[in-house]
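Letter by letter, the chains look like this.
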Amino acid sequence: MPNVSVTINGVTTSVREGVTILDSCKTAGVEIPTLCYHPDLSLAGNCRMCLVEVEGWKTLAIACVTPVTPNMVINTHSKKVRHARRTVLKLLLAAHNVNCPECERNKNCELQELAEKHNITFNEFQTSPKPSSLEEVSPGIMRDNSRCIMCTRCVRTCEELQSVAVIKPVGRSASINISTFMDEGLDNVPCTQCGQCINRCPTGALFETSEVKQVWEAIEDTEKFVVVQTAPAIRVGIAEALGLPTDRTTGKMVAAIRGLGFDRVLDTDFTADLTIIEEGHELISRLKKVLVDGDSDTALPMTTSCSPGWIKFIEHKYPDLLPNVSTCKSPQQMFGALSKTYLANKEDVDPSKVICVSIMPCTAKKYEKDRPEMRDSGYKDVDYVLTTRELARMIKEAGIDFDNLRDEKYDKWMGDSTGAAVIFGATGGVMEAALRTAYEVVTGQEIPFEGLNVAPVRGMEGIKDAAITMPDKMASGFEFLAGVTLKVAVAHGLANAKELMDKVHAGEVDYHFIEIMACPGGCLGGGGQPIPTNPTVRKKRSDAIYEEDAVLHFRKSHANPEVQLLYAEFLKEPLGHKSHELLHTHYTKRD
Amino acid sequence: MSEKLILTAAEQPEAGAALKKSLEMTKADVVFEVRESNMRGRGGAGFPTGVKWNLAGAASGANKMVICNADEGEPGTFKDRLLLEKYASILLEGMTIGGYGIGSSQGIIYLRAEYPYLVPVLMKAREELVSRNLLGEGILGTDFNFDVEIRMGAGAYICGEETSLIESLEGKRGEPRNKPPYPVNSGYLDRPTVVNNVETFVSVPHIILNGFEWFQDLGIGNCTGTKLFSISGDVENPGVYEFQMGSTIGELLEAAGAKDVQAVQVGGASGTTIKADELDRKLSFEDLPPGGSVIVFNSSRNMMDVLENFLEFFVHESCGQCAPCREGNVRLLDTARAIRGGKIMSREELKPFFMLAEVMKLGSKCGLGQTSPNCFVDIITKFIDFPDGKGGM
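From first to last, the protein sequence lines stand for chains F and B. Be aware that the first sequence starts at 1, since it is given in the working numbering, and climbs by one per residue. Be aware that the second sequence starts at 1, since it is given in the working numbering, and climbs by one per residue.
The following block holds chain B by itself, in its conformation from the complex:
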């Protein structure tokens, strides 16, 4: 696998071409195309987009909603910002195709609180599309209507979780909901709702124009297409890179110019921490789940600093609703500090806290608490030595 520019290529398809093609297809065929492409959601969890659209399309309920999750909050992720800045009209086109596919006429972009400067960019793109009859009433002379409004988040990491995002859109406290019901059946204002990441929607016009087989040929196995990675940390050329799914982390680091690598954090603070000897691992849902973020640490970095920083972040960002996440992250942070302070000096003493991490993964209400212990387990297991051996169980 290798670097391949599609979403970020200099040459982009003509605005409206994919939408025009979609409107000439049946709704079912549009959803079929996306489903067969095997594209998995680009937000991090990797749920197949076409399956989600299919469920929302089949759900009973009026006023279906298409929501774009632009609450890009995972530490080290800035790839959606690039898409929003440069490819806003393709994003809107992808949402419109989604609306046509599931039978919705209303879209919302939930924009990260830190990105207010992107509002005019998105508004301008919307107005342009409306003026070209690619958005709004009677799109391209059909009876299909679709429009998009932009709403601002308020700065909470948890609102990147789709049901919290929906709660927030409804004007409530941003907290995850119980599932079922899933948003595809009962989401925003109890309407059938599709929530997809920015990158997911941006990929859609390309799939429609080039066909699902073309997309399937990109990537590896079940992980099809290309993927954007925000690379930061100890590299010469930090930035956004587009690689095929299945590329190795080594290939990415080479492109970004990483030297003296000690560790790489893949998929943000909630992702996986790997060591320098794991650089041939593949970025795919089967191996290293490819969130948007790759952070490189060279040998000058103290990994306990990194762990403490990540855990402080989770302690700050847990919504506080469910017990394992609310209390658990605090305990993990305390434990990390106890290790640094020499109060915990053996694997034996760590045992209950690894078990706590396991319970958080199994018993937390949403992805936040289910993934926040990853850094604790990874960093202590892989980087910390105790007299009775490495950390970990």
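Next comes chain F alone, as it looks inside the complex:
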């Protein structure tokens, strides 16, 4: 497209023809308020906040949708524009539950921010206060429609990024609202509980089902031995959730959590490494069954199983592909099962007194922990799940000065981490970690990528793939893989997962191993992570994750000393009897 000349607020500038007024104003350093616009989503043009005046137009134009044309004269703060924006904003506020102090998103709300920027101190349209109306309660996600401004960002997220499409506008005019099929509720439709809708809600209409209260009660109960596990992506999210710049803050995070009063602060990274060992051996075992034994009942490609949103998605959409899913429980659930068996024994506490809390970047984890099959320890393996945001709320409430904390270390037995476990938090990370370990197991050599960095599976492309050819000389017992080219693929965001799995379903691809994360960017972009989310934010979190990987002493899961101890003393061998009892699971076809 050629460049065209446009005049913005009297200043003539050159922009690419066809870009929107919004983008050309951004380039020119002119900010235009938006609400329904989101960089991850299609353009809706329904909030009408971004109205601008275009010379020669009868009506005002919306900047987010309207492309610039040659010699367009745009005014972004004429009297007409300011008046229109203030009116639209007042109308939205008048239809909104403006009880801000009682809202999860107080001080992190786009509507509130715009009200402040536009100095809305009086609203003539505000007639009566709108009462709270909790329309939706599901294991991971709640909705209060009194705070909804009908921007449809959640609807577009669910449909475009996740291809789940279980929420839609229902009704019309002022009685319009976002709902599920026949108002069945998220719990009764194929919602994956991924929470991506929460992350893109400009207000507090969507939020996680909180368990902060229960966790405080557990901490305060002296009878209980409360252990906490932190997922890989929390260490690059918690600072952001506390209003600090994105950074990896593992040591401070451990100190803050310990400060809250948990009995043990442990790491989901530990079971991420364990997952790699179990899942890697499962893959090798499947490959052997197919390549050597010619077993037609063994399903390939094998897919990962650590993302509970992905699990629920495949249970609904591709139930016939469930045999392809690794039987490994997610790291959260492996941790839960071990905390009430192995750890209880190590710490010499009664497992019935152990309360396992996990801090997850995820709302689907809240659903996962309630699955009936997740009780292999004899108890509910994981008792409570908090999101990154909920952890931040507890830290704030406790008055902990996060930024000035000294780094502390995780407690022992299940607190060791490797770089391989940390990168679980980014799309492609599980694949990279698995390759680092599996390659070494079958060849006896390190994976032949510089610095162990498996670059082809890194980055934010929706679907990535790689092929790795095994050398001629293999480790003893794995000769059958000599010269075999291992084909792998990675998808993040369920729309990408669907695209990839449609090909698998149709037999169009011959991958051996597939990593799928329900959320765009992987767990670092999870539904429990700080708000906002956008490509820039996710890139920063991803950079922080790979930095953490690079600086850790151990970078391969099988090198994790505590995992080695766990096998030596408790599990004995990968895929062994104890592993099957505690660490593996099965899936359920869902309508």
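Take the hints with a grain of salt, since some may be wrong.
[What the hints assert, rightly or not] Taking CB as the label site, the calculated pair distances span: (1) Lys473/F - Lys172/B: 57 to 67 Å; (2) Glu11/B - Thr7/F: 34 to 44 Å; (3) Asn298/B - Gln126/F: 33 to 43 Å; (4) Thr7/F - Ala113/B: 39 to 49 Å; (5) Glu124/F - Asp280/B: 37 to 47 Å; (6) Glu11/B - Glu184/F: 53 to 63 Å.
[Said to hold, decoys possible] With a cut-off of at most 20 Å between alpha-carbon atoms, the simulated SDA-like pairs for lysine to any residue come out as follows: (7) Lys172/B - Ala165/F; (8) Lys79/F - Pro352/B; (9) Lys179/B - Gly56/F; (10) Lys79/F - Glu358/B; (11) Lys317/F - Ile463/F; (12) Lys58/F - Asn178/B; (13) Lys351/B - Phe313/B; (14) Lys487/F - His281/F; (15) Lys58/F - Glu358/B; (16) Lys168/F - Ala154/B; (17) Lys58/F - Arg177/B; (18) Lys168/F - Asn178/B; (19) Lys168/F - Arg177/B; (20) Lys79/F - Lys361/B; (21) Lys179/B - Glu53/F; (22) Lys172/B - Asn177/F; (23) Lys58/F - Leu288/B; (24) Lys351/B - Thr121/F; (25) Lys382/B - Asn298/B; (26) Lys80/F - Lys361/B; (27) Lys172/B - Val155/F; (28) Lys4/B - Lys282/B; (29) Lys361/B - Ile463/F.
[Claimed, not checked] To be clear about the criterion: a stretch of chain B counts as covered by chain F if any three or more of its residues have a C-beta under 8 Å from a C-beta of chain F, and this derived list gives those stretches: (30) 316 to 324; (31) 328 to 334; (32) 348 to 356.
Don't read these hints as lab results, they were simulated from the structure. Glycine included, every Cβ here is placed at the ideal spot set by N, Cα and C.
For this one, chain F is given, so just place chain B on it according to the hints.
Same frame as chain F, but now just chain B:
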């Protein structure tokens, strides 16, 4: 100007005559004829039909579509119903000529949910034309194919707006789209699409047979041709009347037998409300935009009843997608009720709501929200007295 029967004349051209003539012309000449006639769309917005056809004809994209908007939903409008009932074959012929002009072989009639009894009428007309080789494969021995299917609306006023109509045809929720892209470039299933009103298509065969100059001579200035008006309310002879463009509202009322006129609503609920002293205003896009509906109120009517009724209608029919229309209509209705209840007693208190009406006109996504405040502004300005003067700004 005066009453003149062309579309509703007793004598109608022989079926297929205009189509036959069209097929002997080039496509470009057919579009040229319609464009030069200066006919403006009869649905209400008044976009020049020939320009629309030209754009769709020039648009790149396969499987172009010709869609007839028969979702006649503007309160007080029933002129398309008459055309569908009595002149279905001319409608189909007009659509076929449109298809030939823009290079389309597929037409759809989007029929108002309340008109299901017209389906057999339209089906019969279609079958007759097919049997006479005026519709279907190889029309009149040429290689031009065109056929029309009938789809039912589901009762939403908003689906008369062309992009909502297209959404509805695609099986989606009826909501207006952002423009651009315009339907002529990317409409039904992203295909180049022409959407025209029933009356527009019915006019086309007459233009082709009589030539654009003949059409230009009817009407006034840029508003050419004749126009159907559904006249209802306080008149002796309600019904559909055909007048030349540019006729005065007074001429219409005289024909329908209106007495003791207090107000006339021209162009439906979203149109213009005029007072008895404005009856010499002309029905044209330059003066009183001629939708299909003319509703007469005599002096026994309370205009605040009328306003409340119209606003209730818009509150009910707003699709709810964009903020100014969704929230704005509710506020205007509240305001109308507050005036009636004596809670708003001065022009000063009304000021923010007139400004709201202005923002709705400027900032709503589609014609619904852009025109629904008209009745509020007109009726309060022209009919309501406050101690500090008439309403309005």
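Now the hints, each set against the structure:
Against the hinted window of 57 to 67 Å, the Cβ-Cβ separation of Lys473/F and Lys172/B comes to about 59 Å, which satisfies the hint. Range check, Glu11/B to Thr7/F: about 57 Å between beta-carbon atoms, so the 34 to 44 Å window is missed. Between Asn298/B and Gln126/F, the C-beta spacing of about 40 Å keeps the proposed range 33 to 43 Å intact. Taking 39 to 49 Å as the suggested C-beta distance range, the pair Thr7/F and Ala113/B conforms, at roughly 47 Å.
Distance hint for Glu124/F and Asp280/B: a CB-CB separation of about 39 Å, consistent with the stated range 37 to 47 Å. Taking 53 to 63 Å as the suggested C-beta distance range, the pair Glu11/B and Glu184/F conforms, at roughly 59 Å. Restraint check for Lys172/B and Ala165/F: satisfied, since their Cα atoms lie roughly 13 Å apart, inside the 20 Å limit. Proposed proximity of Lys79/F and Pro352/B is supported: the alpha carbons are some 15 Å apart, at most 20 Å.
Among the hinted pairs, Lys179/B with Gly56/F is consistent with the structure: their alpha-carbon atoms are about 17 Å apart, no more than 20 Å. Using a Cα cut-off of 20 Å, the hinted pair Lys79/F and Glu358/B holds, with the two alpha carbons roughly 13 Å apart. As the CA atoms of Lys317/F and Ile463/F are separated by approximately 19 Å, the hinted pair is consistent with the 20 Å bound. In summary, the hint linking Lys58/F to Asn178/B is supported, as the alpha carbons are separated by about 16 Å, within the 20 Å threshold.
Taken as a hint, the Lys351/B and Phe313/B pair is broken in the structure, with Cα atoms around 23 Å apart against an allowance of 20 Å. Note on Lys487/F and His281/F: the hinted pairing holds, with a Cα-Cα distance of about 16 Å set against a maximum of 20 Å. Under the criterion of a C-alpha separation no larger than 20 Å, the hint pairing Lys58/F with Glu358/B is consistent with the structure, at around 12 Å. At roughly 18 Å between alpha-carbon atoms, Lys168/F and Ala154/B fall within 20 Å of each other, so this suggested pair holds.
For the hint pairing Lys58/F with Arg177/B, the CA-to-CA distance comes to about 18 Å; that is within 20 Å, so the pair holds. With a CA separation close to 18 Å, the supplied pair Lys168/F and Asn178/B stays within the 20 Å bound. Between Lys168/F and Arg177/B, the direct Cα distance comes to roughly 16 Å. Compliance with the 20 Å bound is thereby established for this hinted pair. Of the pairs offered as hints, the one joining Lys79/F and Lys361/B holds, with about 16 Å between alpha carbons and a cut-off of 20 Å not exceeded.
At roughly 16 Å between alpha-carbon atoms, Lys179/B and Glu53/F fall within 20 Å of each other, so this suggested pair holds. With a C-alpha separation of about 16 Å, the suggested pairing of Lys172/B with Asn177/F holds against the 20 Å cut-off. For the given pair, Lys58/F sits about 18 Å from Leu288/B by alpha-carbon distance, which is consistent with the 20 Å threshold. For the suggested pair Lys351/B and Thr121/F, the alpha carbons sit about 18 Å apart, so the restraint of at most 20 Å is met.
At roughly 15 Å between alpha-carbon atoms, Lys382/B and Asn298/B fall within 20 Å of each other, so this suggested pair holds. With a C-alpha separation of about 12 Å, the suggested pairing of Lys80/F with Lys361/B holds against the 20 Å cut-off. Proximity of Lys172/B to Val155/F is assessed by CA-CA distance (about 14 Å); at most 20 Å being required, the pair is judged to hold. A C-alpha spacing of about 16 Å is found between Lys4/B and Lys282/B, which places the hinted pair at or below 20 Å, so the restraint holds.
Using a Cα cut-off of 20 Å, the hinted pair Lys361/B and Ile463/F is violated, with the two alpha carbons roughly 45 Å apart. Coverage of the segment 316 to 324 of chain B by chain F holds. Counting CB-CB distances below 8 Å, 9 residues qualify, and the rule asks for three or more. With 5 residues bearing a CB less than 8 Å from a CB of chain F, the segment 328 to 334 of chain B meets the requirement of three and the coverage assertion stands. Coverage of a stretch by a chain is defined here by at least three residues with a beta carbon nearer than 8 Å to that chain's beta carbons; for the segment 348 to 356 of chain B and chain F the count is 3, and the condition holds.
In this structure, the earlier hints numbered 2, 13 and 29 are contradicted, and the remaining ones agree with it.
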